[in-house]
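Whole structure, please, built from the sequences with the hints as guidance.
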Amino acid sequence: MNIPIFPGEASTTAAATDRIYFFLLAFSVFVLAIVFLPMIYCLFKYRRGNRANRSPLQVSTTRIEITWTVIPTLIALGMFAWGAEVYFYEEVPPPNTLEINVIGKQWMWKIQHQEGNREINELHVPLGRAVRLTMASEDVIHDFFVPAFRIKQDVVPGRFTTEWFEPTRVGTYRFYCSEYCGANHSEMQGLVYVMTPSDYEAWLAHGKPQDTLARAGGKLFRELGCSGCHVNSSAIHAPPLDGLYGKLVPLSDGTFARVDDQYLRDHILLPARQVPAGYQALMPTFEGRVNEEQLLQLIAYIKSLGTTEEKNK
Amino acid sequence: MNETQKNYLGAGDTVRSWLLTTDHKRIGILYLLSILLFFFIAAVAAALMRADLLTPQGDLLLSDNYNKMFTIHGVLMVWFFLIPSIPTVLGNFVIPLMIGARDVAFPKLNLFSWYLFIIGGFFALAAIIRGGVDTGWTFYTPYSTAYSNSHVVEMAFGIFLAGFSSIITGMNFIVTIQTMRAPGMTWFRLPLFIWSMFATSIILVLATPVLAITLALMAVERLWGIGIFDPRIGGDPVLFQHLFWFYSHPAVYIMILPGMGVVSEVVTCFSRKKIFGYYFVAFSSVAIAVLGFLVWGHHMFVSSQSLFAGMAFSILSFLVAVPSAIKVFNWTMTLYRGSISFETPMLYVLGFLGLFTIGGLTGLFLATLAVDVHVHGTYFVVAHFHYIMVGGMVTAFMAGLHYWWPKITGRMYPEKLGQLAALIMFIGFNLTFFPQFILGYLGMPRRVHEYAPEFQVYNVLSTAGASILGVAYLLPLIYLLWSLRYGARAGDNPWRATGLEWSTPSPPPKHNFPEVPVVTHDPYNYPPLDETGEAVATKRDL
Amino acid sequence: MKENSMVAEQFEDMPQQVEAATMGMWVFLATEVLFFGGLFMAYIVYRHFYAADFIAAMKHTDIRYGTINSVLLLTSGLTMALAVQAAAENRIRVITPLLLATIVFGLGFLVVKTLEYKEDLHDRVLPGANFDPSLPPHAQMFFWLYWAMTGLHTIHMIVGIGLLLFVTMLSWRRKFSAQYYTPLEVIGLYWAFVDIVWIYLYPLLYLIGRHS
Chain B
1 MNIPIFPGEA
11 STTAAATDRI
21 YFFLLAFSVF
31 VLAIVFLPMI
41 YCLFKYRRGN
51 RANRSPLQVS
61 TTRIEITWTV
71 IPTLIALGMF
81 AWGAEVYFYE
91 EVPPPNTLEI
101 NVIGKQWMWK
111 IQHQEGNREI
121 NELHVPLGRA
131 VRLTMASEDV
141 IHDFFVPAFR
151 IKQDVVPGRF
161 TTEWFEPTRV
171 GTYRFYCSEY
181 CGANHSEMQG
191 LVYVMTPSDY
201 EAWLAHGKPQ
211 DTLARAGGKL
221 FRELGCSGCH
231 VNSSAIHAPP
241 LDGLYGKLVP
251 LSDGTFARVD
261 DQYLRDHILL
271 PARQVPAGYQ
281 ALMPTFEGRV
291 NEEQLLQLIA
301 YIKSLGTTEE
311 KNK
Chain E
1 MNETQKNYLG
11 AGDTVRSWLL
21 TTDHKRIGIL
31 YLLSILLFFF
41 IAAVAAALMR
51 ADLLTPQGDL
61 LLSDNYNKMF
71 TIHGVLMVWF
81 FLIPSIPTVL
91 GNFVIPLMIG
101 ARDVAFPKLN
111 LFSWYLFIIG
121 GFFALAAIIR
131 GGVDTGWTFY
141 TPYSTAYSNS
151 HVVEMAFGIF
161 LAGFSSIITG
171 MNFIVTIQTM
181 RAPGMTWFRL
191 PLFIWSMFAT
201 SIILVLATPV
211 LAITLALMAV
221 ERLWGIGIFD
231 PRIGGDPVLF
241 QHLFWFYSHP
251 AVYIMILPGM
261 GVVSEVVTCF
271 SRKKIFGYYF
281 VAFSSVAIAV
291 LGFLVWGHHM
301 FVSSQSLFAG
311 MAFSILSFLV
321 AVPSAIKVFN
331 WTMTLYRGSI
341 SFETPMLYVL
351 GFLGLFTIGG
361 LTGLFLATLA
371 VDVHVHGTYF
381 VVAHFHYIMV
391 GGMVTAFMAG
401 LHYWWPKITG
411 RMYPEKLGQL
421 AALIMFIGFN
431 LTFFPQFILG
441 YLGMPRRVHE
451 YAPEFQVYNV
461 LSTAGASILG
471 VAYLLPLIYL
481 LWSLRYGARA
491 GDNPWRATGL
501 EWSTPSPPPK
511 HNFPEVPVVT
521 HDPYNYPPLD
531 ETGEAVATKR
541 DL
Chain R
1 MKENSMVAEQ
11 FEDMPQQVEA
21 ATMGMWVFLA
31 TEVLFFGGLF
41 MAYIVYRHFY
51 AADFIAAMKH
61 TDIRYGTINS
71 VLLLTSGLTM
81 ALAVQAAAEN
91 RIRVITPLLL
101 ATIVFGLGFL
111 VVKTLEYKED
121 LHDRVLPGAN
131 FDPSLPPHAQ
141 MFFWLYWAMT
151 GLHTIHMIVG
161 IGLLLFVTML
171 SWRRKFSAQY
181 YTPLEVIGLY
191 WAFVDIVWIY
201 LYPLLYLIGR
211 HS
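Residue numbers (the working numbering), protein chains in the order written: chain B, 1 to 313; chain E, 1 to 542; chain R, 1 to 212.
What the hints contain is simulated information worked out from the structure, not anything from laboratory work.
Some hints could be false.
[Stated by the list, open to error] The calculated lysine-lysine pairs, modelled on BS3-like cross-linking and capped at a C-alpha distance of 27 Å, are:
hint, chain 1, residue 1, chain 2, residue 2
1, E, K108, R, K118
2, B, K110, B, K219
3, E, K108, E, K6
4, B, K247, B, K105
5, B, K208, B, K219
6, B, K45, E, K416
7, B, K208, B, K110
8, B, K247, B, K219
9, E, K274, B, K45
[Stated by the list, open to error] Covered stretches of chain R (in silico footprint by chain E; criterion: 3 or more residues with CB under 8 Å from a CB of chain E, positions within the stretch not fixed):
hint, region
10, 8-17
11, 35-47
12, 139-145
13, 193-205
Cβ coordinates follow ideal geometry from the N, Cα and C atoms, glycine included.
Quick look at the structure:
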């Protein structure tokens, strides 16, 4: 029978996390040894009836106390720093990631690829490429957890959360929902397939998606009537969306905001909250009219209209 | 025998004399009986869960029922057993005795808090009997407010009442310790159990109201259909988590600090030595209470709080480990050149030291940001907090119960059986929870009713351990009950311990001391030892 | 054995009992601060998130009611303090009238609050399906907090008036003297706390940002 004692490492994060883990394990064994070996010795030597020197100790209590306060504190700070360093690495994705959307819903995971491929409870990714997941929840809090990658992030309703990883080994790995979400929480899981880049391309092509995510978003953009206002020829004065993504835009309250996924989300669902400077709060809310999947399609479409960087070129 | 010399048990034996008593000792007994009831129900829930987890597909329970079981287990264990256990049973019984007072400062409020606790427990049981609650003990929104179809509001109300019961107990202890000490009992002559109860009471008083308001807001949101955690009006479900953990992390220290107090009493008594570093042990309790309020965010490293919040909470979580480490070092040092004997309370305390240290060290894994990202929400966390709460707290409760049992009842329990139970508990506990650390790092999420087949071996081990643990908890129930009738008479001070509680008869008279004691020396002033560990007769004895 | 029947059996003497009772109330008030603290925390967080909507929503609270109530409550705080002072100086006869005045001002507060709630319902600022749709999206959050905070405060007012009736009865029966007025002092502390909570609620719900 195959009894695992340690999970496989299949991402760059996994290796970094495990190094700290093994250090902590070694440290724990060391502490257990320096506390319990002397303790067991004392229990044996100073058991009642055994002959031993029991005259009161003549030592400076304060000096001993300070020693065993200061040293653990310093070690603790060191461990903090190491853990925080890897955490930074985990939390801040590198540039040019492969973007994949994940939508959590009681009790399944829906995946959207930019090419238009969709999956349920399965996630196909290419080897050696940093992948960034943009995640949304349709209902309660979920959590996307891939043990083999040592990554985990809550998926919170009302906002996007992200996590990223770079797979280092071809294979099939489990992923779970690790935030309790109701009756069938334990079934809300699936498999990540890490494939060679060529296999991945073949898999994408094999799926024969009808539209890319951006094109599906474009269709939705017209169906919902967004295009009625957000084109230059429109009679209604609405911000043009070409090259908007990534831009720093002034708001009517005098502050600035960077156009990212969360910005677009808020402006589609709650347009009255922050109005860009020079515009009136005319846009109706789309809260309740678009679900999380459609929202992500619309955002993909707006992104496809170019980013500020590209425009500047 | 006149009225004042009669022991507290003899002061009336009608049901009425118990239900209307304001005697802190009798109230302690009332609490003991009530928390044992809740412990039993919560333990049955745990047993059903463990049995269900014997197979990967979970053959015993439906997933919905499994979810209700872990909710019942969590809610009852946390609020109706662990939090009240040492404070309301042992604290109520021994605090006035230890400081030389006739009773707590507010005896009627003390009884009232027991009634609040019972009414709260009634609501919790009503919620369970009417169909249960399936949110987990954490009640995370929006699941609890908008999606769960279970009896969340009744359960929250029950916890709300139990919370106010805790607040009143904490208030009572703070005022009692501050104002009711016997002449000569200065702060630095207080036994360390009192220091730890004082620190505990501060947390009870300052953290519990935040839980109360948070659960109230959650319940109102559920009833009203709209509320401050509701994303539809801009509410943030993560705010609920902040408020919840602002209470629930300090709550962990409500559970463990009293246990640490018991350990300090027992370690000194059974090594017949003054505690090493009294001031450091005392102030580390206060440091834990203070720092404990600043670390709640370490439950939320993957909840989408900011990077910098994560860093701040991580560093503070490392710092809160230091005072606990100081205590362990001081207890170990107390053994050095002592005269150690291995009666039941001491065996439980040695078990505590081992299990608590493992629990504390694995806490460092969880405080380390990158490692926490991986093990958060897995069995690693389950194992960690059971090592602290069961391995630490419940073991200390057993130590305290055995230590003061002769004082409470006037009887000795069978020593050999006591030692055997302590040993079985240690083995059963490790077998139950150690495999869960491995499961957690392998990535098995908590609160799941089905799991991957490769995890089965560890789950079977864990269930086997749980059945041993069950025996270890039933055994004391039997022999302690037996001792009430057949146990040998204990006498005033069977352990030859210091401390005012041992200077009065067992069981103590209604007003504790025939005369108000006057304290003239430090705590734990055990006499000097000769080479074989026997007390050297000093002038004081002659 | 005891010199005074007013001393409960667990205490040695009167000073110990007074110290315990007063300290007990202080500790209880610490609990109360944290109890309201959860709501204040939520207010701070959401005000920070939705500053503009909160200010817009605040214009729909009626500052006249808020101001009248502030005056009523502060006056009741004064009469309460005078009652405690009178007891300390052994001017026993004025205690009962001062306590009655405190109760009247407290009841006045509740009457005004009821009128305000009625008008709020009429203005459709109770969060839920019936909420005035013309208000900005996060105005509901403001008003949810408004109802929760003032509601919780009102519950404390009602409890406080009940306690005041109890000490008034004691005072009427001439139970108090300069040697013994602990219940009066303790309930005075509680009443001061209820006052102080309002002193925070008034600007948060009626004033800050109103001018803009």
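Now the hints, each set against the structure:
| no. | hint | verdict |
| --- | --- | --- |
| 1 | K108(E) x K118(R) | violated (40 Å) |
| 2 | K110(B) x K219(B) | holds (20 Å) |
| 3 | K108(E) x K6(E) | holds (21 Å) |
| 4 | K247(B) x K105(B) | violated (31 Å) |
| 5 | K208(B) x K219(B) | holds (18 Å) |
| 6 | K45(B) x K416(E) | holds (23 Å) |
| 7 | K208(B) x K110(B) | holds (18 Å) |
| 8 | K247(B) x K219(B) | holds (24 Å) |
| 9 | K274(E) x K45(B) | holds (18 Å) |
| 10 | 8-17 | holds (count 6) |
| 11 | 35-47 | holds (count 9) |
| 12 | 139-145 | holds (count 4) |
| 13 | 193-205 | violated (count 0) |
When held up to the earlier numbered hints, the structure conflicts with 1, 4, 13 and fits the remainder.
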